[in-house]
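With the hints as your guide, set chain B onto chain A.
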Amino acid sequence: METILEMRDIRKTFPGVVALNKVNLRVRAGEIHAIVGENGAGKSTLMKVLSGVYPHGSYSGDIVYEGQERRFLGIHDSEQLGVIIIHQELALVPLLSIAENIFLGNETAQRGVIDWMVAHSQAQALLKKVGLKESPATLITDIGVGKQQLVEIAKALSRQVKLLILDEPTASLNENDSQALLDLLLELKGQGITCILISHKLNEISRVADAITILRDGSTVETLDCREEAVSEDRVIRGMVGREMADRYPPRQPEIGETVFEVRDWNVYHPLHTDRKFIKGVSLQVRRGEIVGIAGLMGSGRTELAMSIFGRSWGRRISGQVLLNGKPIDVGTVEKAVRHGLAYVTEDRKGNGLVLNEDIQFNVSLANLKGVSTAAVIDSGSEYQVAQRYREKLRIRCSGVGQKVLNLSGGNQQKVVLGKWLFTSPEVLILDEPTRGIDVGAKYEIYTLMAQLAAEGKCIIVISSEMPELLGMTDRIYVMNEGRFIAEMPTAEASQEKIMRAIVKAS
Amino acid sequence: MKNESSNATMPPAKAASAGDKSPLDYLKHNFREYGMLVTLVAIMAFFQYMTEGTLMQPLNLTNLVLQNSYIVIMALGMLLVIVAGHIDLSVGSVCGFIGALAAVLMVQYDWHFVPASLLCLACGALIGAVQGWFVAFFRIPSFIVTLAGMLVFKGLALALLQGQSVGPFPESFQKLSSGFMPDLLSSEGLRMTSLLLGVVLAAVLAAAGLRARARQIKHGIQAEPAAIFFVKTALFAALLVYFSYLLASYQGLPNVLIVMAVLIFLFHFITGHTTIGRRVYALGGNEKAAKLSGIKTERLSFYTFVNMGVLAALAGLVFAARLNTATPKAGLGFELDVIAACFIGGASASGGVGKVMGAVIGAFVMGVMNNGMSILGVGIDYQQVIKGVVLLAAVFVDVYNKNKA
Chain A
1 METILEMRDI RKTFPGVVAL NKVNLRVRAG EIHAIVGENG AGKSTLMKVL SGVYPHGSYS
61 GDIVYEGQER RFLGIHDSEQ LGVIIIHQEL ALVPLLSIAE NIFLGNETAQ RGVIDWMVAH
121 SQAQALLKKV GLKESPATLI TDIGVGKQQL VEIAKALSRQ VKLLILDEPT ASLNENDSQA
181 LLDLLLELKG QGITCILISH KLNEISRVAD AITILRDGST VETLDCREEA VSEDRVIRGM
241 VGREMADRYP PRQPEIGETV FEVRDWNVYH PLHTDRKFIK GVSLQVRRGE IVGIAGLMGS
301 GRTELAMSIF GRSWGRRISG QVLLNGKPID VGTVEKAVRH GLAYVTEDRK GNGLVLNEDI
361 QFNVSLANLK GVSTAAVIDS GSEYQVAQRY REKLRIRCSG VGQKVLNLSG GNQQKVVLGK
421 WLFTSPEVLI LDEPTRGIDV GAKYEIYTLM AQLAAEGKCI IVISSEMPEL LGMTDRIYVM
481 NEGRFIAEMP TAEASQEKIM RAIVKAS
Chain B
1 MKNESSNATM PPAKAASAGD KSPLDYLKHN FREYGMLVTL VAIMAFFQYM TEGTLMQPLN
61 LTNLVLQNSY IVIMALGMLL VIVAGHIDLS VGSVCGFIGA LAAVLMVQYD WHFVPASLLC
121 LACGALIGAV QGWFVAFFRI PSFIVTLAGM LVFKGLALAL LQGQSVGPFP ESFQKLSSGF
181 MPDLLSSEGL RMTSLLLGVV LAAVLAAAGL RARARQIKHG IQAEPAAIFF VKTALFAALL
241 VYFSYLLASY QGLPNVLIVM AVLIFLFHFI TGHTTIGRRV YALGGNEKAA KLSGIKTERL
301 SFYTFVNMGV LAALAGLVFA ARLNTATPKA GLGFELDVIA ACFIGGASAS GGVGKVMGAV
361 IGAFVMGVMN NGMSILGVGI DYQQVIKGVV LLAAVFVDVY NKNKA
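So the sequences go chain by chain: A and B.
If you're matching positions, the first sequence starts at 1 in the numbering used here and goes up one per residue.
If you're matching positions, the second sequence starts at 1 in the numbering used here and goes up one per residue.
Next up, chain A with everything else stripped away, as it sits in the complex:
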């Protein structure tokens, strides 16, 4: 079979981070090509390079599509040639109809006037192709996520798609919808449409994929051909996680004491779909000086669990008990949670952690303004000294604590968020993806800090999608999937394969 797409030696960097390096991908015409890898391995970035979201010139390497080198400057260029990407976050306008969404930006119009009769009949035909029995006049908001996914595919078909890219299409679908979607992919394959499928669900991949390319840490590991002989899931998992782990973590001698922090039978419902239970009966304990990890894929409910515990910042109808030193505590608001010694370092430091337009000093004191003020008047001198102290302790690289955090690198921004929470002198520190998007050096510094805090007798909970990090830093690991803790193991007995297997088995 001929090659429809070849990406050669792709390298893409963001300030301070190498996202992709020496990535090679070869997709043959008419196949379903799966791309797998851990979170942060570079799958989505690679697809953004391919579709022109990151324009030519912002990366190095070549893209050869249909035998010609292509230099896409925007998503429009790639769409023109039939390369269409469907993101995990669907790009549909909720309050427009199915037909309006299908032809959005590609309207069947004459001199700017849309003929809705034609549009509807065309939409009808497309919906039939994807097997969706809805009127084209139905609003997107009135149909489920599974059907929305099909609308996205219909939209792609309306643009004469040749290479369809699906980013985690089944992540938010139930079993039936997932099966229907996979069947549709096979059908499209029969019509000669090539498909790149990004997924975590190995059982789905082994069902539909003709080839699997494995990415790890921003590089291609290998491409497996599934046509000649079936590839086992173990084989894929090994490819995904196999890497060296020499001295990437500071040494520590854990001194673990009695149970300090405990959550019992924690249940949370989704804030919008109020009848959907999102966190299901989770219980966890953390002991003095212990670092506990929570492993799981994106969307497994880890962040939601942490935020619902931290002052009910996520979800509704929350039930369950939180205990500190054996006594139930009220964590109903963030203020109360902080007063009881909880701290939550968010995974989204720009969106939820920092006031970007303000300086380091402003951000460090924000969660504990009482600590730098008397009778509600801020003492700027002591505030400055506090900021200066954390700047030195955390080695924040900046021109001074008066520097806006907007202009700091990711690692240093993360240190500012950490500084903010350390200044509240927490007993229990929840770190959500503490090293996401930061370079190796800063990671090591953050690990060192974690070890130091544990040695001081704090309780630390780490949520991370990077399994080596969990294996390297924690004492015990909970594995979370679809809102449940599905496994718990001492880190000494855990391995990446063991965790991955638990997740894959459960999903």
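Fair warning: there could be bad hints in the mix.
Stated by the list, open to error - Once the Cα atoms are required to be at most 30 angstroms apart in a straight line, the calculated DSBU-like pairs of lysine-lysine come out as:
#: 1; chain 1: A; residue 1: K327; chain 2: A; residue 2: K280
#: 2; chain 1: A; residue 1: K393; chain 2: B; residue 2: K232
#: 3; chain 1: B; residue 1: K296; chain 2: A; residue 2: K336
#: 4; chain 1: B; residue 1: K218; chain 2: A; residue 2: K336
#: 5; chain 1: A; residue 1: K370; chain 2: B; residue 2: K218
#: 6; chain 1: A; residue 1: K280; chain 2: B; residue 2: K291
As the list claims (entries may be wrong) - Here are some chain A residues pointing at chain B (derived, C-beta under 7 angstroms):
#: 7; residue: F14
#: 8; residue: L369
#: 9; residue: A376
#: 10; residue: V386
What the hints assert, rightly or not - Computed beta-carbon distance windows for the label pairs:
#: 11; chain 1: B; residue 1: I217; chain 2: A; residue 2: D348; range: 35 to 41 angstroms
#: 12; chain 1: B; residue 1: I217; chain 2: A; residue 2: A375; range: 23 to 29 angstroms
#: 13; chain 1: B; residue 1: P141; chain 2: A; residue 2: R317; range: 23 to 29 angstroms
#: 14; chain 1: A; residue 1: R389; chain 2: B; residue 2: Q57; range: 54 to 60 angstroms
#: 15; chain 1: B; residue 1: V399; chain 2: A; residue 2: A230; range: 47 to 53 angstroms
#: 16; chain 1: A; residue 1: I256; chain 2: B; residue 2: V204; range: 43 to 49 angstroms
#: 17; chain 1: A; residue 1: A375; chain 2: B; residue 2: V399; range: 34 to 40 angstroms
#: 18; chain 1: A; residue 1: S382; chain 2: B; residue 2: N403; range: 54 to 60 angstroms
#: 19; chain 1: B; residue 1: A148; chain 2: A; residue 2: G472; range: 55 to 61 angstroms
#: 20; chain 1: A; residue 1: Q68; chain 2: B; residue 2: A148; range: 32 to 38 angstroms
Read the hints as simulated data drawn from the structure, not as lab findings.
Heads up, the beta-carbon is just placed ideally off N, CA and C, and yes, glycines get one too.
For chain B alone, kept in the frame of chain A given last:
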């Protein structure tokens, strides 16, 4: 400064930008802080020249203060609302409504001015609370809530006055706007008490500036370069003394100027030095981060509207006292001047950015232009055009500078 140079890990490029700066560089980097003040002085100088000295005549200067007092008072509240990420379109109508209420109470029901004024302020607080309640707790966009408020209170003012002007007010109430500081030292010519007060104020502010600077240096905080600091302080003190001299040579300091000065100082202090002020900036800068830092963001938004309501009511009283009558048209379009003052003064429409002094300067930029153009005989038509262009230009320069930095 010692800390800057001892940080060996810092990349050289950053070290250079953080090291010793020449005063000129410092000015460039802090354009926002000084730009507006320079603009105001330039505009005043321009009109002083064009009106052949009329602008700065004691009588006109007094008028300038009186004419703009209610805009300045409302700009203080509006700044907090805008920094918190909202807007209040109803302030003009509330201002008019409270003026009408005051007139009805004092003129038609013969209330003493003290309980009447207090009731008016309480009413302002209530109006702010109702609007703030919808905005903060029900998350209805402030634009819509206060647009509704604008219509409601404009209508209520009309209804209260039954379409007619009500006045005059008791003399004791008029003093709020038309009164001047009593002079204890002399009765004719130069009002010494007013002048002395100006001198004392200038001295106190200069001393406070010096003290703050000394503390900054003691703590190792990078302070303004000495040259800029002393020039700025001297200039500011001289201006203050000069203005109080001008005012003293007419009738002394207007009462309303004293009210205004106290409020400006109070809000400057609250926004810059207290935890509540700090929280408002955090709320406007990143509401989610503020919330996750334990700040009660809803309640805070609510209070900014209550505060705005009280200040709008106060402005309504000042305006009614100045006109000595309440008319159905009072307050018409004030909200636009107030909002413009905040934006000219460097506030950001997306929240989190803006300073009290900026808003005050912005209000006076508008005020001086109104006054100057009126003296020059520019028609009301072109006055509006020019004001609109100045607003856009001020914000453009601000944004342009920010993008360049």
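Here's how the hints hold up against the structure:
Distance restraint check for K327 (chain A) and K280 (chain A): the Cα-Cα separation of roughly 23 angstroms lies within the 30 angstroms cut-off, and the hinted pair is therefore satisfied. The straight-line distance between the Cα atoms of K393 (chain A) and K232 (chain B) is roughly 37 angstroms, outside the 30 angstroms bound, and the hint therefore fails. Restraint check for K296 (chain B) and K336 (chain A): the C-alpha separation of about 11 angstroms stays at or below 30 angstroms, so the hint holds. Taking the CA atoms of K218 (chain B) and K336 (chain A), the gap is about 36 angstroms. The hint is violated against a cut of 30 angstroms.
A C-alpha spacing of about 22 angstroms is found between K370 (chain A) and K218 (chain B), which places the hinted pair at or below 30 angstroms, so the restraint holds. Proximity of K280 (chain A) to K291 (chain B) is assessed by CA-CA distance (about 25 angstroms); at most 30 angstroms being required, the pair is judged to hold. A hinted interface residue such as F14 (chain A) counts as satisfied when its beta carbon comes closer than 7 angstroms to some beta carbon of chain B; here the least separation is about 18 angstroms, so the hint is violated. Annotation: interface hint on L369 (chain A) holds; nearest CB of chain B at approximately 4 angstroms, less than 7 angstroms.
Checking A376 (chain A) against chain B: minimum C-beta separation of about 5 angstroms stays under 7 angstroms; hint holds. Taking 7 angstroms as the C-beta contact cut-off toward chain B, the hint placing V386 (chain A) at the interface is violated, the least distance being around 11 angstroms. The given range of 35 to 41 angstroms is respected by I217 (chain B) and D348 (chain A), whose C-beta atoms sit roughly 38 angstroms from each other. With their beta carbons about 25 angstroms apart, I217 (chain B) and A375 (chain A) fall inside the hinted range of 23 to 29 angstroms.
The beta-carbon spacing between P141 (chain B) and R317 (chain A), approximately 27 angstroms, falls within the hinted interval of 23 to 29 angstroms. Range check, R389 (chain A) to Q57 (chain B): Cβ separation about 55 angstroms, and the 54 to 60 angstroms hint holds. For the hinted restraint 47 to 53 angstroms between V399 (chain B) and A230 (chain A), the CB-CB distance of approximately 60 angstroms leaves it violated. The supplied range of 43 to 49 angstroms is broken by I256 (chain A) and V204 (chain B), whose beta-carbon atoms lie about 59 angstroms from each other.
In this structure the hint that A375 (chain A) and V399 (chain B) lie 34 to 40 angstroms apart at CB holds, the actual value being about 38 angstroms. The supplied range of 54 to 60 angstroms is broken by S382 (chain A) and N403 (chain B), whose beta-carbon atoms lie about 35 angstroms from each other. Checked against the hint of 55 to 61 angstroms, the pair A148 (chain B) and G472 (chain A) passes, with Cβ atoms roughly 58 angstroms apart. About 59 angstroms separates the C-beta atoms of Q68 (chain A) and A148 (chain B), a value inconsistent with the hinted range of 32 to 38 angstroms.
Hint compliance for this structure: hints 2, 4, 7, 10, 15, 16, 18 and 20 are not met, and every other hint is.
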